[in-house]
Amino acid sequence: MTPTMNISFPVEPATFLERPNRFVIHARLHGSGAQVRAHCPNPGRMRELMITGATVYVDKATDPTRRTPYTLRFIEHPANGQLISLNTQLPNDLFAEGLGNGFFAPFIDYTNCKREVIVLSPTTTDNQPKSARINPNHENLRPPSGRVTSRIDFRLSAADGRVCWVETKSATLVHDDGCAFFPDAPTVRGRRHVEELTHLVGPGVRAAVVFIIQRPDAISIAPNRETDPAFADALSRARARGVELYAYTCGVTTSRVWLEREVPVVTGS
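With the first letter of the sequence shown counted as 1, position 71 gets the number 71 in the working numbering; the numbers rise by one all the way through.
Quick caveat, the hints were computed from the structure, so don't treat them as lab data.
By construction, the Cβ of each residue, glycine as well, lies at the ideal position given by its N, Cα and C atoms.
It cannot be assumed that every hint is accurate.
Computed cross-link-like contacts, SDA-like style, restricted to lysine to any residue with a CA-CA straight-line distance of at most 20 Å [as the list claims (entries may be wrong)]:
no. : residue 1 : residue 2
1   : K114      : L156
2   : K60       : L17
3   : K60       : V201
4   : K60       : G33
5   : K114      : E76
6   : K60       : R45
7   : K60       : P10
8   : K60       : Q82
9   : K60       : N80
10  : K114      : G102
11  : K114      : L83
12  : K60       : G100
13  : K114      : R162
14  : K60       : G102
15  : K60       : P78
16  : K114      : V201
17  : K114      : T68
18  : K60       : L99
19  : K60       : T267
20  : K60       : E48
21  : K60       : F103
22  : K60       : A79
23  : K60       : T88
24  : K60       : S32
25  : K114      : K60
26  : K60       : V11
27  : K60       : R47
28  : K60       : N101
29  : K114      : S150
Per label pair, the in silico range of CB-to-CB distance [unchecked claim]:
no. : residue 1 : residue 2 : range
30  : H39       : V188      : 19 to 29 Å
31  : P41       : G268      : 23 to 33 Å
32  : E116      : T62       : 39 to 49 Å
33  : D63       : G33       : 18 to 28 Å
34  : G33       : I108      : 32 to 42 Å
35  : N101      : L17       : 11 to 21 Å
36  : R115      : D63       : 37 to 47 Å
37  : D160      : S255      : 16 to 26 Å
Generate the whole structure from the sequences, applying the supplied hints.
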């Protein structure tokens with residue numbers, strides 16, 4: 001069964017006008033002609049998408065006091081009309097559903113899944129060795145006071161005790177040749193997650209980064225070295241040390257988003 005997220009909120013088309021900052025856009029509703037402010041859930045630059053006149057899809061916020069009365073959900077590529085999902089929370093839900101119905105062959109043996117699991121960061125500065133700061137087999141739900149911590153998206157466990165840590169990443173940038181790139185803007189947080197996975201992997205413990213490309217037209221994905229060389233280096237080191245990399249495209253309509261197919265991750269190493 002193909003993992004599918006049905007969109008429960010009604011969206012309406014609008015014309016993109018401007019993006020005053022990373023988290024806000026201005027748009028004109030097609031129906032009423034009203035100009036509205038909408039929250040942008042994707043902090044990426046999206047320069048190839050955020051072009052005045054592009055068609056976007058927004059939904060009205062349920063909180064009437066919110067400073068941005070609408071939320072941006074989808075955008076049509078200005079050059080080719082491809083519909084793209086901009087919901088950065090959706091990949092985690094798609095991954096969780098895919099785990100439940102056996103979509104992901106690399107994780108088919110894992111029967112238990114925990115989300116948003118706290119781990120101690122490998123950058124914690126104390127006298128303990130790194131191996132003591134991160135326990136790869138068990139999450140630390142109550143970290144000692146003062147410790148630097150982070151959250152890994154998923155901790156999977158198998159009946160025989162094997163563990164797999166998974167971070168999902170949402171991608172929307174795809175070049176004309178079909179190669180997707182991540183990230184679309186420098187991401188210290190994303191690099192830290194990759195470094196943490198590198199420290200977690202070991203005997204009986206897997207770690208993986210899963211890129212969810214929220215559009216169907218990508219044929220591969222690569223780290224965006226031009227935008228974030230530190231992330232690109234971290235991802236290459238992670239793969240060399242045993243962190244697994246996977247990527248999947250999505251089919252997109254304004255009423256649902258679903259996983260379609262696996263594409264290769266190209267790191268150059």
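**Q.** Ascending list of hint numbers which this structure does not respect
**A.** 3, 5, 6, 8, 9, 11, 12, 14, 15, 17, 18, 19, 20, 21, 22, 25, 27, 28, 32, 34, 35, 36 and 37
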